[in-house]
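Here the protein sequences come in this chain order: C and B. For the first sequence, this note's numbering gives the first residue as 432, with consecutive numbering after it. For the second sequence, this note's numbering gives the first residue as 432, with consecutive numbering after it.
The set of hints was computed from the structure by calculation and includes no laboratory data. Small disclaimer: the values here were computed from a predicted structure and weren't measured. Any given hint might turn out to be false.
Put simply, identical chains are the same to the list, so a pair is met inside one copy or across any two.
[Said to hold, decoys possible] BS3-like, lysine-lysine: derived pairs with alpha carbons at most 30 Å apart:
1. K561 - K460
2. K866 - K560
3. K597 - K861
4. K511 - K836
5. K597 - K866
6. K527 - K511
7. K836 - K883
8. K440 - K561
9. K565 - K861
2 protein chains.
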Amino acid sequence: MRNESIPYKIYLSESEMPTAWYNLRADMKNKPAPLLNPGTHQPMQAEELAGVFCDELVKQELDNDTAYFDIPEEIRDFYKMFRPSPLIRAYRLEEKLGTPAKIYYKFEGNNTSGSHKLNSAIAQAYYAKKQGLKGVTTETGAGQWGTALSMACAYLDLDCKVYMVKCSYEQKPFRREVMRTYGASVTPSPSMETEVGKKILAEHPGTTGSLGCAISEAVEKAVTSEGYRYVLGSVLSQVLLHQSVIGLEAKTALDKYGIKPDIIIGCAGGGSNLGGLIAPFMGEKLRGEADYRFIAVEPASCPSLTRGVYAYDFCDTGMVCPLAKMYTLGSDFIPSANHAGGLRYHGMSSVLSQLYDDGLMEAVSVKQSEVFEAAEYFARTEGILPAPESSHAIRTAIDEAVKCKETGEEKTILFGLTGTGYFDMVAYEKFHDGKMEDYIPTDAELKISRDKLPKIDV
Amino acid sequence: MRNESIPYKIYLSESEMPTAWYNLRADMKNKPAPLLNPGTHQPMQAEELAGVFCDELVKQELDNDTAYFDIPEEIRDFYKMFRPSPLIRAYRLEEKLGTPAKIYYKFEGNNTSGSHKLNSAIAQAYYAKKQGLKGVTTETGAGQWGTALSMACAYLDLDCKVYMVKCSYEQKPFRREVMRTYGASVTPSPSMETEVGKKILAEHPGTTGSLGCAISEAVEKAVTSEGYRYVLGSVLSQVLLHQSVIGLEAKTALDKYGIKPDIIIGCAGGGSNLGGLIAPFMGEKLRGEADYRFIAVEPASCPSLTRGVYAYDFCDTGMVCPLAKMYTLGSDFIPSANHAGGLRYHGMSSVLSQLYDDGLMEAVSVKQSEVFEAAEYFARTEGILPAPESSHAIRTAIDEAVKCKETGEEKTILFGLTGTGYFDMVAYEKFHDGKMEDYIPTDAELKISRDKLPKIDV
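Please build the complete structure, drawing on both the sequences and the hints.
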């Protein structure tokens, strides 16, 4: 039933936008485990990280105590291009499902990069620019992060070198062209441009690449190029910090109308969107001010939280990055080729891993055919064509709303709609043509990569 | 210089949304010429049109006197999914150009259909549903209209049959898949499904189709199927009526901050966006209440206003549609295959044609390489990846802003940014690779199709 006092879209005014990011780690009793030097297995120091990341981002990465970081005015100005993002009441979806649940989604796809990745991309590019750097390097898989970073770099006249997983480079030429439109150089990975790329190509001549391999190349390129640093679109604590803008806005908008969500749902690959969306709500829970159910949704084909182990692991294939403690499937794990739905990183943000390990958050995994079914249903009812990644959250939101229908409970559900699916039509086509297969790794398969986890004594 | 009292984006609240469309024809002294029966050359009567269009839309099409048509509540509810659309102050573009001009754009790409076409799609689908019809038929070229209509029909559980120009069907499989996601059936045109399609295929076995041919098929399908009507995304007066929501919102937002544009710019293919954007401003001009410069921007490769003739012409290739008086290149005219920038219809809305003929509006034509140059420049500064169609308006807005730089004039420019370019990356790729060619038809070439104009005595 339409409640006229609550608009279809809740937009905040510019003056209601957050002026500081919220650092969830400050309220965590059990802090996330520190990054370790892959050689010494000692916690990484700021000086060691400074060769890879900008100084300000190193500070943000290592700071587990400061609750709020001011958002620089220049970044807030950029945010105004697409923020505050709308919080939408899914009246139509509720009606079609016949559920008494009230469903809200925070839509982060209303910028040309098409996803929430831009929130952190502009921050990372800004600090690089401020430090007087020439440019940044990064990797991209499906292309959302590379697109967002290219856009941010164009805005700041910063050079942007993207290593794109080779199979994506070939299968998603349009993603590549968007990045080029924004002025980025895009290299298929593995490439002959880096030592690690050459090594991987020598060992696996026919490889079509992986995210872990592209990360290794981008990091090597950054540390060996004068005036460059590496930037990453997920997993890191600094990224979750920047993405807190999603949750802060959502909370302000809900508070404005006196709405308290019962369940908060986000898709989870590396954890950037989920960590950002839940941040201020989880903060309340950690401080004992309120309670919420949090649900991380991951693909059944890449189930790091639900079937991984909580351990130190490599972040990349070339093992040039620090070690991170996280729920992981092992850095060797690569989801089946038929997996089309994004969220294919082998590990999960250390912050979210710790929260999950502490029982503060739930996790579920969903099959991709069910994800696309939810995506299409959502497109036809709410009008937005969702990214496969985002559709994981839609799937679970629908499932929870259907449970409410069965029990008659009027729960309030909030989920993150992270982006649009314009560049994922090949996957949609497979789904329409009945050619989409589900893949769930067997325990034996998972054991192979798990057995290769580094042995760390901490 | 950033004026803090004017936000980057001006959003209206839901309560500020227009509740009625504005019918510009009511204020025109010289009314647009009537549609003619192609057999008798007499003005089309409502009864004749009722086989093709829904009753309510026939009324809107023929009514040159009623100034306002109430927007039904159901359509206003749908509009709330993506409207009010933002009016954006291009602070960043102004700064980069170093112009004293103040540039605003009304962004209509912030819905999943990706363009302004949805404004009329939902209206036409709504009236079809209300009349108890089973479905609608239409044609689509680049795919913006087909996408919008599919989305509207999904919302209303209405069947949607789209005839897609064959070369687009093959070159733009992703557009096709978006329409399928929304549940539409998409047929490459010409097809063997219609008599006119069979005839065209027999005469031109290797043809890759044209907009005019797809229109003929869609109309035939509608009039020969029980419970179906035909709908069209541009050219018609009813479409301009629905699209007036763009101009009405823009005007409300500008008035709110006491801003009066000097120049209003829109791209022009069939005229739907331009006619909608300028409607309330042109109304003021017609009533002598205010003055504005209006500029229609068309591709140099399909220059109906700047190089066409004002005459009665066929709207389609199969000549099954009524005749319309318009600036036209002749219904046989097909822009060069290397033209990538949309806006490829041979004629222009009768309303806009009349206004242009009366000297109330200017028109310019621009080359596509210059259009893509402006598009890329805009993407890198304003962050939005524009559709090639929209980029025609960007090109001219930039040109006018640069003139202001030369003269020092602080003019206020408003232009329509009709959509996003996610599905146009093949064209962007050509541009990046330096493979984009410009094509300007010679006078001799234009003469060929012009000589085939029907001879009408009115």
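Here is how each hint holds up against the structure:
1. K561 - K460: neither (33 Å within a copy, 59 Å between copies)
2. K866 - K560: neither (46 Å within a copy, 33 Å between copies)
3. K597 - K861: For K597 and K861, the Cα distance is within 30 Å both inside one copy (21 Å) and across copies (21 Å).
4. K511 - K836: between (38 Å within a copy, 26 Å between copies)
5. K597 - K866: Both. Shortest intra-copy (23 Å) and inter-copy (24 Å) distances satisfy the 30 Å Cα cut-off.
6. K527 - K511: between (34 Å within a copy, 18 Å between copies)
7. K836 - K883: neither (45 Å within a copy, 63 Å between copies)
8. K440 - K561: Between copies only: 26 Å across, 36 Å inside.
9. K565 - K861: For K565 and K861, the Cα distance is within 30 Å only across copies (28 Å; inside one copy 42 Å).
Checked against the numbered hints listed earlier, the structure breaks hints 1, 2 and 7; every other hint is satisfied.
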